[in-house]
Structures are given as structure tokens and as C-alpha cells.
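Starting from the known structure of chain A, fit chain B with the ligands onto it as the hints suggest.
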Amino acid sequence: MTVTPPAVALDGISIAYGDFVAVAPTMLHVAEGEFVAIVGPTGCGKSTLLNAAAGLLAPAAGTVTIRGRRLAGLNGEAGYLFQQDALMPWKTALDNVAIGLEVADVPRAEALARARDWLARVGLAAFADRYPHQLSGGQRKRVGLAQVLIRNPKILLMDEPFGPLDAQTRLIMGGLLLDLWAAERKAVLFVTHDLEEAIALADRVVIMSSGPSATIIGDHAIDLPRPRDAMDVRLDARFHELHHEIWGQLRGEVLKAYGSAA
Amino acid sequence: MSGAPISRPKLLALQVLVAAAIIGIWHIGSTVPIFGVHFLPKFFFSTPGDVAARVVKLFATGTIWKHLWITLSETILAFVIGSVGGVLFGFWFARRPLVAAVFDPYVKMANALPRVVLAPIFMLWLGLGIWSKVALGVTLVFFIVFFNVYQGVKEVSPVVLANARMLGMNERRLFRHVYWPSALSWMFSSLHTSVGFALVGAVVGEYLGSAAGLGYLIHEAEGVFDVTGVFAGMVILAAFVLLVDAAVTRIERRLLVWRPEAGGRG
Ligand SMILES: Nc1ncnc2c1ncn2[C@@H]1O[C@H](COP(=O)(O)OP(=O)(O)OP(=O)(O)O)[C@@H](O)[C@H]1O
Ligand SMILES: [Mg+2]
Numbered sequence: 001m002t003v004t005p006p007a008v009a010l011d012g013i014s015i016a017y018g019d020f021v022a023v024a025p026t027m028l029h030v031a032e033g034e035f036v037a038i039v040g041p042t043g044c045g046k047s048t049l050l051n052a053a054a055g056l057l058a059p060a061a062g063t064v065t066i067r068g069r070r071l072a073g074l075n076g077e078a079g080y081l082f083q084q085d086a087l088m089p090w091k092t093a094l095d096n097v098a099i100g101l102e103v104a105d106v107p108r109a110e111a112l113a114r115a116r117d118w119l120a121r122v123g124l125a126a127f128a129d130r131y132p133h134q135l136s137g138g139q140r141k142r143v144g145l146a147q148v149l150i151r152n153p154k155i156l157l158m159d160e161p162f163g164p165l166d167a168q169t170r171l172i173m174g175g176l177l178l179d180l181w182a183a184e185r186k187a188v189l190f191v192t193h194d195l196e197e198a199i200a201l202a203d204r205v206v207i208m209s210s211g212p213s214a215t216i217i218g219d220h221a222i223d224l225p226r227p228r229d230a231m232d233v234r235l236d237a238r239f240h241e242l243h244h245e246i247w248g249q250l251r252g253e254v255l256k257a258y259g260s261a262a
Numbered sequence: 263m264s265g266a267p268i269s270r271p272k273l274l275a276l277q278v279l280v281a282a283a284i285i286g287i288w289h290i291g292s293t294v295p296i297f298g299v300h301f302l303p304k305f306f307f308s309t310p311g312d313v314a315a316r317v318v319k320l321f322a323t324g325t326i327w328k329h330l331w332i333t334l335s336e337t338i339l340a341f342v343i344g345s346v347g348g349v350l351f352g353f354w355f356a357r358r359p360l361v362a363a364v365f366d367p368y369v370k371m372a373n374a375l376p377r378v379v380l381a382p383i384f385m386l387w388l389g390l391g392i393w394s395k396v397a398l399g400v401t402l403v404f405f406i407v408f409f410n411v412y413q414g415v416k417e418v419s420p421v422v423l424a425n426a427r428m429l430g431m432n433e434r435r436l437f438r439h440v441y442w443p444s445a446l447s448w449m450f451s452s453l454h455t456s457v458g459f460a461l462v463g464a465v466v467g468e469y470l471g472s473a474a475g476l477g478y479l480i481h482e483a484e485g486v487f488d489v490t491g492v493f494a495g496m497v498i499l500a501a502f503v504l505l506v507d508a509a510v511t512r513i514e515r516r517l518l519v520w521r522p523e524a525g526g527r528g
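Quick note, the sequences are listed as chains A and B, same order. If you read the first sequence in the working numbering, its first letter stands for residue 1, the second for the next number, and so on. If you read the second sequence in the working numbering, its first letter stands for residue 263, the second for the next number, and so on.
Chain A with its partners taken away, still in its complex shape:
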């Protein structure tokens, strides 16, 4: 029997910006088809960690291995939804979504048809011809989501994808993501500030310590049954137990991050 290598394996990676060590040696494995959420105080190094997994940042030490292959350069198997606005401002929402397919040499007519379909799935069918500056922050995020998902990447790196959305839309988008993930079994590395969201969606919730030299200090398996409903699962008694347990650890770090900043 051959063991399938993890989709993403960060082994002992540390990342520095000049003299500033953002991430101290950290190990994180995401199995194929596994949904891992990262939570941690602001500024601890979550985005930095995702950038390393995407191949945008080379770690100062340690290795990044993607599906058994040592990563050098960009991670071509991953789709990355950035925390900041990353849409091309000179393209309409439709063209921004279609470009991911056009780059893969899909004929333009087909790319546009599928892009329309994806815009409808993220609830933006009526906004296809808008330019990014004509969309709200949450709408731009959803266009970004469609832009990444249309390429059907094996690995999803998502940096606070639902950050600027209202609670209702967050739930809908979370549900969409869960359905998609259940159907396609992608490996997901999902950064969020919202612990409830992390527990509702993920198989594992990983906690990062406050920076500098942040590292992973907690790894909680979420044993809630699947398939889950992103909403109903929050009423589960086990959900509250987990939340209580993880929040106890996370709160200390958040306070530490806040204290060191003050």
C-alpha cells in the first residue's frame, strides 16, 4: 500500500522579512481532501504562511512540499484567494473570472459562459459587466472567489475570503464552499478571524501564536459529523464544547498580541 503524500507539507519553515522573523520553525501538513482552518491574532503571520505555501515567499529555512514534490517557484496546483484586493481593475467582473480559463487556453466563448455560471453561483449574475471599482468590498471578494474556483485547483489557499461579508452572506458562501469541497475533495487551507466559522467548516483548526516568531501552538481536530450545514452545526452541543476549548487557548494569544502592541 502506498501512502499518499500530503497535499501541502510545510516542514520546519521559518520566514523572515529582513531581520524580522515573522514565522519561527513551523510544521503544518494538510492531507489530500482535508480542510484546515488557521486562526490567530492579527499580525501573527497567517498570510505569510499562505504565501509560503503558494510559493510567493521562499522560506528562510525548512521545506515546502506540494503533493510529494518539493516546491520551487510558484505553486501551480494551488488557487490563492488573497486577503487584499487582487482583481485586475481594468477587467470587468466577468473578464476577471474568465481569465483563469483563458490562461489555460479554453476558447473565449466557453470561458465566458462558464464565468457567467460562476458569477451566478456567487450571487453576482447581475454584476458581470461592472468594473472592480464599481463593486462593494464583499462583491469584489466574491468575484475573487469565482476567479479562483473556476480553475478548479487541487489545493485552495484562502486568506479571510469572507472577511468583508455580512453574517448572512458569510453563511451562504461558507455553505457554497462546503458543498464544493464535499463534491471535489480539495485540500483547503483557510485563514479566518472568525473562530465559529473555522469550527463550522474545517476538519482541523490550527492556532498560531502571536508574533513575532509566530508558530503553531494548537491543533484541534473537529469531530463534528459530515456533511455539515454551515448554519445548523452551530447549534450542536459538541460545537460549543470545541469552541470553548479552542477559544480558551486563542484568547491568551490574542491578549498577548494586544499587550505587546500597546
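Incorrect hints may appear among the rest.
Label pairs and their in silico Cβ distance ranges [claimed, not checked]:
| # | chain 1 | residue 1 | chain 2 | residue 2 | range |
| --- | --- | --- | --- | --- | --- |
| 1 | A | Pro5 | B | Phe365 | 45 to 51 Å |
| 2 | B | Pro267 | A | Pro164 | 48 to 54 Å |
| 3 | B | Gly324 | A | Ala109 | 48 to 54 Å |
Source of the hints: derived by calculation from the structure; they are not laboratory data. This structure is a prediction, so every number in the text was calculated from the model and none was measured. We treat Cβ as the ideally placed atom computed from N, Cα and C, and that holds for glycine.
Using the frame of chain A, we list chain B with the ligands on its own:
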């Protein structure tokens, strides 16, 4: 400072009023003696009536078309050649930091040079025909476009760039979908300036030595103290500039729809 937005008809009426006031003062000063003197002697200022008559005559006899056509072709050629050069060099410098670093002092030096001093040299090299004027315009347009394209390529948001690369774009596609639109937007935001400079190059070149064009027309009138001719040339030149500028605005609107507010940089 900004109050309620002014309605279009009101704005237009006020603008016309300004023109009417200036022409009125000019007319009274040059034709109605006040206490026996003309405040704006005809010899130095001509009169609005004479200037208007001259403009009409220039169009009626058809002599103006040739000059307009010459100036327009010089402007267009200077703009196109200068822009193409500016785009090519702007890209080259932005993508090759070594080239940019080596040539930096020379570019600054060349740009600091007042272009008028080049006019006699261009005439020596290229003769009195249109090409010496085109060359003068090119030296003006080139640097504006060059600096804007350079900036446009350099200032692409790193996140947009990283995203484009994560979406699987190779260098060629990055060029087409990221660098090129960004550079173009910078270039178009300076379109008014560069078209304006192309025209300045043409007219100044004609003024300094040529046998046709609006600059030539004005220079010739000046030579014989024909103030009416000078003013008529200036009026036609100003109207010409307004038309060209309106055309540029329309092109800009078409091309920069995606920008929150078109124009501004330049
Ligand atoms: N380009 C950079 N140069 C220098 N320091 C940086 C750079 N990018 C991030 N940092 C620092 O590295 C640390 C981690 O940043 P990172 O963006 O990964 O945090 P984060 O966990 O994603 O925070 P947030 O939750 O607020 O998005 C921070 O202290 C930040 O100031
Ligand atoms: Mg971040």
C-alpha cells in the same frame, strides 16, 4: 469651496459671458475713442471685427486648409512616433532595471534640455519641411509617454501581479493582461499633455522656419506688423486646439471606462 454643482446651461452661459466681456472690452478699447484716445490702439491690438473678417476670409479663400492640414499632420506624426518610442523604451527600462540605472542620468539630462534649442539642429538635419517639426514634437512627446509608461509598469499593484501569476499567467500573458493595461492607463492619463506638446512642437517648429502651417502663418503676419493676421492665426490655432482636445477626451472616455475617475495624472 465647492458648493452645489453648477448646471450645464448655466455654466455654458457664464463661459460665453466671459468671452463676450473680453471681446466687448477689446472692441470698445480699439474702436470707441474715450476722451479722444483709443485705449487699445488698432495698430497694436487690431479689432475684433477685423480679426473675425480675416478669419472668415482665410476660410473663404481656402488658403487656411493647407496650413491646417500641415500642422495637423505634423502633430499626429509627432504624437504617434513619440508615443511608440516612449512605450517601447518605457517598457524596456521598467523591465530591465540595469538599463534603467545605467541610462538614468542621461535620460534626466536629455529631458532637462529646453527642446527649442534643438529646432535649428533639426532644420539643419531634416530641412525646412514637415520632418524637422515632427522631430521637435517627438522629443517633447517621447519623454512624457516614456515616464508614464515606465511608472505604469513599475506601479502595478504587487498583489494584482501575484494574483495574475497564481492564475497561471506566463510572461507573455502578464504583459498583455497586466503590464500593458496598466502602462496604457498611465499613458492615456497624460494624453492631453502629450497631444498638446505634439502641437506645440509643430507650431514652434513652423514659427522658427518653414513655408507652411499655422506657426508659419502667424510668423509671416508678424514680420509685416500685420497684427490682425497674428490674432486671426491665434484664434484659428486656439479653435484647433479645442477641437483636438475634445477628440482626445472622447477617446479617453472610451478607453478608461474602468477607472474610478478618468484623467488627473500627467
Ligand atoms: N512585506 C513585509 N515586510 C516586512 N514585514 C512584513 C511584511 N509582510 C508582513 N510583515 C510582518 O509580518 C508579520 C505577519 O504578517 P501577516 O500579514 O502574515 O499577518 P496576518 O497573520 O496575516 O495578519 P492579519 O490577520 O492582520 O491579516 C506582521 O508583523 C507584519 O508586520
Ligand atoms: Mg493576513
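Comparing the hints with the structure gives:
For Pro5(A) paired with Phe365(B), a C-beta distance near 49 Å keeps the hint of 45 to 51 Å intact. Our hint of 48 to 54 Å for Pro267(B) and Pro164(A) is violated, since their Cβ atoms are close to 31 Å apart. For Gly324(B) paired with Ala109(A), a C-beta distance near 52 Å keeps the hint of 48 to 54 Å intact.
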